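Asks: The primary structure of each chain is shown beneath.
Number of protein chains: 2
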Amino acid sequence: MSKVQVENIGIFGGGQLGRMLAQAALPLNLTCTFFEAGIDCPSKDLGAVFDSTQANALQDFIDSADVFTLEFENTSLTDADALLTQKALYPPRVALATAQNRLSEKALFDQLAIPVAPYQRVESEADLRQAAVSMGLPLVVKTASGGYDGKGQFVVREEAQVSQAWQELGAAKLLIAEAFVPFVREVSIIAVRGQDGEVRTWPLTENHHHHGILSHSIVPAPNSTDLQPIAQDYITRLLNHLNYVGVLTLELFVTPEGLFANEMAPRVHNSGHWSIEGAVCSQFENHMRAVAGLPLGSTELISPCMMVNIIGQHPARDAVLKLAGAHLHFYGKEERVGRKLGHVTLIPTQGNTLEALSSALADILPEPLALKG
Amino acid sequence: MSKVQVENIGIFGGGQLGRMLAQAALPLNLTCTFFEAGIDCPSKDLGAVFDSTQANALQDFIDSADVFTLEFENTSLTDADALLTQKALYPPRVALATAQNRLSEKALFDQLAIPVAPYQRVESEADLRQAAVSMGLPLVVKTASGGYDGKGQFVVREEAQVSQAWQELGAAKLLIAEAFVPFVREVSIIAVRGQDGEVRTWPLTENHHHHGILSHSIVPAPNSTDLQPIAQDYITRLLNHLNYVGVLTLELFVTPEGLFANEMAPRVHNSGHWSIEGAVCSQFENHMRAVAGLPLGSTELISPCMMVNIIGQHPARDAVLKLAGAHLHFYGKEERVGRKLGHVTLIPTQGNTLEALSSALADILPEPLALKG
Numbered sequence: 000m001s002k003v004q005v006e007n008i009g010i011f012g013g014g015q016l017g018r019m020l021a022q023a024a025l026p027l028n029l030t031c032t033f034f035e036a037g038i039d040c041p042s043k044d045l046g047a048v049f050d051s052t053q054a055n056a057l058q059d060f061i062d063s064a065d066v067f068t069l070e071f072e073n074t075s076l077t078d079a080d081a082l083l084t085q086k087a088l089y090p091p092r093v094a095l096a097t098a099q100n101r102l103s104e105k106a107l108f109d110q111l112a113i114p115v116a117p118y119q120r121v122e123s124e125a126d127l128r129q130a131a132v133s134m135g136l137p138l139v140v141k142t143a144s145g146g147y148d149g150k151g152q153f154v155v156r157e158e159a160q161v162s163q164a165w166q167e168l169g170a171a172k173l174l175i176a177e178a179f180v181p182f183v184r185e186v187s188i189i190a191v192r193g194q195d196g197e198v199r200t201w202p203l204t205e206n207h208h209h210h211g212i213l214s215h216s217i218v219p220a221p222n223s224t225d226l227q228p229i230a231q232d233y234i235t236r237l238l239n240h241l242n243y244v245g246v247l248t249l250e251l252f253v254t255p256e257g258l259f260a261n262e263m264a265p266r267v268h269n270s271g272h273w274s275i276e277g278a279v280c281s282q283f284e285n286h287m288r289a290v291a292g293l294p295l296g297s298t299e300l301i302s303p304c305m306m307v308n309i310i311g312q313h314p315a316r317d318a319v320l321k322l323a324g325a326h327l328h329f330y331g332k333e334e335r336v337g338r339k340l341g342h343v344t345l346i347p348t349q350g351n352t353l354e355a356l357s358s359a360l361a362d363i364l365p366e367p368l369a370l371k372g
Numbered sequence: 000m001s002k003v004q005v006e007n008i009g010i011f012g013g014g015q016l017g018r019m020l021a022q023a024a025l026p027l028n029l030t031c032t033f034f035e036a037g038i039d040c041p042s043k044d045l046g047a048v049f050d051s052t053q054a055n056a057l058q059d060f061i062d063s064a065d066v067f068t069l070e071f072e073n074t075s076l077t078d079a080d081a082l083l084t085q086k087a088l089y090p091p092r093v094a095l096a097t098a099q100n101r102l103s104e105k106a107l108f109d110q111l112a113i114p115v116a117p118y119q120r121v122e123s124e125a126d127l128r129q130a131a132v133s134m135g136l137p138l139v140v141k142t143a144s145g146g147y148d149g150k151g152q153f154v155v156r157e158e159a160q161v162s163q164a165w166q167e168l169g170a171a172k173l174l175i176a177e178a179f180v181p182f183v184r185e186v187s188i189i190a191v192r193g194q195d196g197e198v199r200t201w202p203l204t205e206n207h208h209h210h211g212i213l214s215h216s217i218v219p220a221p222n223s224t225d226l227q228p229i230a231q232d233y234i235t236r237l238l239n240h241l242n243y244v245g246v247l248t249l250e251l252f253v254t255p256e257g258l259f260a261n262e263m264a265p266r267v268h269n270s271g272h273w274s275i276e277g278a279v280c281s282q283f284e285n286h287m288r289a290v291a292g293l294p295l296g297s298t299e300l301i302s303p304c305m306m307v308n309i310i311g312q313h314p315a316r317d318a319v320l321k322l323a324g325a326h327l328h329f330y331g332k333e334e335r336v337g338r339k340l341g342h343v344t345l346i347p348t349q350g351n352t353l354e355a356l357s358s359a360l361a362d363i364l365p366e367p368l369a370l371k372g
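Order-wise, the sequence lines are chains A and B. All residue numbers for the first sequence refer to numbering that gives the first Met the number 0, where the first residue is 0 and numbers rise by one. All residue numbers for the second sequence refer to numbering that gives the first Met the number 0, where the first residue is 0 and numbers rise by one.
By construction, these hints were calculated from the structure, which means they are not laboratory data. Just so you know, these numbers come straight off a predicted model, no measurement behind them. Just so you know, not all the hints are guaranteed correct.
Note: identical chains are not told apart, hence a pair may lie in one copy or across any two.
Calculated pairs, DSSO-like style, for lysine-lysine (alpha carbon to alpha carbon, straight line, at most 30 Å) [what the hints assert, rightly or not]:
1) K86 with K43
2) K321 with K339
3) K339 with K43
4) K150 with K321
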């Protein structure tokens, strides 16, 4: 038995996910360092930040920790490769590379017989026009890599928009055209896989978006009893195939024809923030346990709950804190339109139902997004 | 509404209590700095530590934060006075001064009609001899100030030991002799008072010691339904009388004649660590809310639970983490005999009762103390 048993974990990225990963890691005697463009980031309160815009910062970062992970899914593969000649990275590089390219991701879903909406590879305006004919309209066009939170997307609703879509996105050179799925709702499944191959899965979460950004999540997703084992099966196929270590998220559409995989994120996910208070072991703690080679914690639900994002503007802190059952998480970020500044997890108490809490919170948030219906 | 709403809170002390206070404060956009002898302390991962052994460190510490609190009950009153000419300190100085002297503390309990065991002031061996005669043996002799975790105490069981007791403790010049209370068990009540005077109380905790150090706490204290309102009344008298802000702990003996106050601690307390997972709002978060002038959170119990201290030696981390329902908190400290290195909170899960968890944990801890009965 070592004297203090403190290990250091290096995290690519220094945003709120890194901040919450480090918060969860500390009580296990795991400390963190971060690699981020500019050192004034949400993770700075929890460990040294190495500025990725500076020469030599990558090597200093590599020297700073024993094992590595990421909280930013567009982590540079070149940086990952430099690291991998020296130290271990979890999740594995292949998961990162696959998630960074929508075409590779869809190919993997196909390979593992995980249903997806019809899609086509698009490398020219002619490709796009052909896709519109063969798959019909509307058509969702996305850059193969680099997009997030609704950016890098175009919905072609009539043929005349094909040129416009290509003009807007064609610079990316590689696009994907997806058939429009008349989905009823979006859910996500989050799971963690340990270094010994053990897999644990949290309950399905129902996600609501507003202007392409996650507004709120409900757990467990209503009427999801039949969907849970199917989603669990899909994510387990991915985890095992990739020999994955850490937390993986799979976004799914619930359609009349069943579950369709939308995309995966090789990291902890906004739709799993509720697990800090709502599960026995959170996505953050379990990710760090997996990365450090420790046994996984229970993903059992403590209580049905809801997570609401704080976007663009901070609410009056006092008003949120007065709500018994509202758990506030600010990220220490400056206000900016469309920026995620924090979240609130709502857990029913003896005095407040989830419905009452949700309604009270909607009145408090400066920008309640989809919460107010 | 400010752009980021981050305030800084200065904490006298940088031990595990400071570490857990800062952990709870961060999601509220409250950051912390610390004042500690030597900067290598458990709080160092969460904010700047000012080394109290260095000249000018006090002023630098005072400059570093907006409002101040303490996690160390022997915080220097001289330092507090220097601070108070410039900035606010919560809890108030009077609470700190009173808690640092057992005679002042007893006098306050008397004044507020909070029952205590018979006691006498002792300034000489003759005083002590007289106390032994008038109160009878056994007699518990303590230094009026400076003792903790069973240090600075002597139990006089026969008259011949009076000289020995004086020899051991008399250097302190001011002692207190307390009648031996045939108590059945020790409980503690923890409450928080906001800047607006609101008081909230957690459920009574039953505390078990081993060699003078807290071994484990059980919440709620068994058979405490009748005791809860009485203890709540006592601590509320203290809080209101002292115009207190923050968390206060009151240790009580359960005796055949009712509850007797033992001592108070003007800070978050080891017997309240269970509240991180076991209460809607923990003692740490509520203390920081109070100090920052924010509304208090709910002290409602989420589940009956148990807190077990890790003392002297780290257990095998894997073994603790394998127990579903065991929440591990290490403090990042080096091993030393009798030192608190961490704690584990046990919360029943679907698979594990509290009894099963407690029994499994007793087999894992290298020094199970009183847990194994």
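Asks: Now tell me, hint by hint, if it's right for this structure.
Replies: Tested hints:
1. K86 with K43: For K86 and K43, both the intra-copy (23 Å) and inter-copy (26 Å) Cα distances are at most 30 Å.
2. K321 with K339: Within. Shortest intra-copy distance 22 Å satisfies the 30 Å Cα cut-off; inter-copy 34 Å does not.
3. K339 with K43: both (17 Å within a copy, 28 Å between copies)
4. K150 with K321: neither (36 Å within a copy, 41 Å between copies)
The structure fails hint 4 only (numbered hints given earlier).
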